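Participant: Each chain, letter by letter, is given below.
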Amino acid sequence: MKPGFFLLWLMAFFLVLTHELEAGTFHVKKGSSLDTIQEAVALASAGDTIFIYEGTYLENQLVISIPLTLIGVNKPVIDSQGGDEIFIIRADQVLIQGLTLQNIGISHLKDRAAIRIVEAKNVTIDKNILINTFFGIYLQNSSQCRVQNNTIRGEAYDEVNAGNAIHIWKGSQMEVINNHLSHHRDGIYFEFVDQSLIHSNISQDNMRYGLHFMFSNYDTYEENTFQRNGAGVAVMFSKHIKMVKNTFEENWGGSSYGILLKEISDGLMAQNTFIRNTIGVYAEGASRIKIEKNDFINNGKAMDIKGNCIDNEILANNFIGNTFEVLTNSRSNLNHFEGNYWAQYKGYDLDKDGIGDFPHRPVNLFALITDKIPAANMLLHSFLVNALDMAERMFPEIIPEHLSDERPRIKPLAND
Amino acid sequence: MFNITKFIVSDLIKNWILVLYSVFLLLATLGFFLLEGQGDKAILGVLNLTLLLVPMITVIFSTIYYYNMYEFMVLLLAQPLKRSRILASIFLGLGIAFGLAVGLGLGLPLWILHPTPVALMLVGVALLLTVIFIGLALLVAVWVRDKARGMGFALFLWVYFVLIFDGLVLLMMYNFSDYPIGKVVLFITFLNPVDLGRIMVLMQTEAAALMGYSGAIFRQFFSEWWGLIASLLIMLVWALVPAAISFRMFRVKDL
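Protein chains in written order, with our numbering: chain R, 1 to 416; chain L, 1001 to 1255.
Think of the hints as simulated: they come from the structure by calculation, not from any bench. Here the structure is a predicted model, which is why all the values come from computation and not from measurement. All residues carry an ideal CB built from backbone N, CA and C; glycine is no exception. The reader is advised that the hints may include incorrect statements.
As the list claims (entries may be wrong) - So the derived label-pair ranges between C-beta atoms look like this: (1) L:Trp-1016 - R:Thr-247: 52 to 58 Å; (2) R:Val-160 - L:Leu-1236: 43 to 49 Å; (3) R:Thr-225 - L:Phe-1190: 39 to 45 Å; (4) L:Phe-1190 - R:Tyr-348: 40 to 46 Å; (5) L:Val-1159 - R:Phe-215: 46 to 52 Å; (6) R:Glu-397 - L:Lys-1014: 47 to 53 Å; (7) R:Glu-313 - L:Ile-1017: 37 to 43 Å.
All chains should be modelled from the sequences, with the hints used to inform the complete structure.
Facilitator: Take a look at the structure:
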């Protein structure tokens, strides 16, 4: 290569670089010549940054089809006034930060969302506030997007007219971190989303599920809090899910549970806390899940593990203050319980090795009866029922004889 | 009338069985709270004990007391006193004495250790059960002249309300589980003050949601204020009707 030619290459390279560096910035400000976001988006070229200053912008259907950065300064408000979606992102490398988006109208024909991301990569939605948006953030067929530090608050009053706060349909390597989601239908909705992370979110007071999880594999969710959701959390038809250090609490109500595990396999559930749920863990068709070091405290039923659950390992959990510890609908038991602490354990430990001297059967006769005959609940804690239960535990006739913890702990474990 | 009541109360509070009963309740309540540590669980323990012990002691003691007071009553009847007044003062005297025992043995420790609506409800239910079983005891005692048979009846009443009734209900539920029995069950609970009392207390605890798990009607009834008032009224009916019948029987009885 001749030196002249090389120089030309170098110049061309720097030209491109400086062009990149001098990516345009636009300032959308009330009272200035540029006072709509629509205009700014139309003027901008790839890689530009648009600053949006305080004020209320009555706009919607802003289609972003080139890589752009939109940054809100002093919390500008974009109000759709009960109309259509606000941002539709069809490009990679988009950042939306610091905006307040509100008032998307309910539609029964279309899942309107405040921010819709369509077939994009590397999109970041950061530090926004979404109020009364039918759906909050809707990601479809995208990958490697980050949804973080947002507050998404709906005003749903019934399930039919409500959308999800963060809805991800088909995607991979998504990160949903540190969001606060409330009063929607589902807090977080995952369908066909693989290798993704859900971390440190708070999802509460949603109509249906705090987290709704289907056909999604190899995902991790940890350190989230799910509180007072209509039905708790549902993890269904998925494989290799890691659930660590989450808190499930106060999911009280007719058909409410801390977490529903339906048709899922090969997962890990560790160091979670279940407090005051009607049912802590409701497992149906779950297999090869390792449930360990969780705390089940003051639940109605700590675990309802159906007969079609196979090869699950329930190890080293604490069961404290639950009305019923384990419930099942089968006489046989294909799961393994070991080394848990059961507050209802009546045994002793003569050799002082910290392990009770005879096994604990956590299934309560009365729990089985009420499961079959709900009306029998009226006899809860009655003398007759307590006496029957005591007798049944000694000589199992109806409760599954083999569902027992052979090595029950005498003292609760410190799981943190 | 109140003179006789005063006499009976002052006689009863010196009775060592009553003192023992009160002390036992006190120690048991304290024990539950010290052992269980968790407030709600301790309350459940106390509830179980109360529902078992209060009716038993009350019904047995009251029956015996009536028989022991028989001669005293005959003596009183020689005076220009109304018959119903004499029985009423026994009823009232027993009620006050047992009420004090429950208040001291149950109310005091709960008030100190766990002053919550649940505890209040528990004490209320215990007091109502006390009155109800005094009424039932008087009914049996007035009706059956023979002391041994009367005692047997009284004991049977206790076993019936605490154990047999629940067994029958469970049996019924098993046989009719295919039918919508939710509402029927609600009415069935009204037939047993012990069950009714237990549910009234449980509805104030965490167990309420578990109950609501199925019987929506059930939960709705007991968690609404009018349901609570209705159940209190039914408890009062239970307290007054047996007593009223015994008064009527006593009035026309050939002693």
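Participant: With reference to the structure, classify each hint as holding or not holding.
Facilitator: Cross-check of the supplied hints:
For L:Trp-1016 and R:Thr-247, the hinted distance range of 52 to 58 Å is satisfied, since their beta carbons lie about 53 Å from each other. Evaluation of the 43 to 49 Å hint for R:Val-160 and L:Leu-1236 yields a pass: the beta carbon distance comes to about 45 Å. Roughly 42 Å separates the CB atoms of R:Thr-225 and L:Phe-1190, a value that falls within the hinted 39 to 45 Å. Distance hint check: the CB atoms of L:Phe-1190 and R:Tyr-348 are about 43 Å apart, consistent with the given range 40 to 46 Å.
The beta-carbon spacing between L:Val-1159 and R:Phe-215, approximately 57 Å, falls outside the hinted interval of 46 to 52 Å. At roughly 50 Å, the beta carbons of R:Glu-397 and L:Lys-1014 sit within the given window of 47 to 53 Å. For the pair R:Glu-313 and L:Ile-1017, the beta carbons lie near 55 Å from each other, so the given range of 37 to 43 Å is not met.
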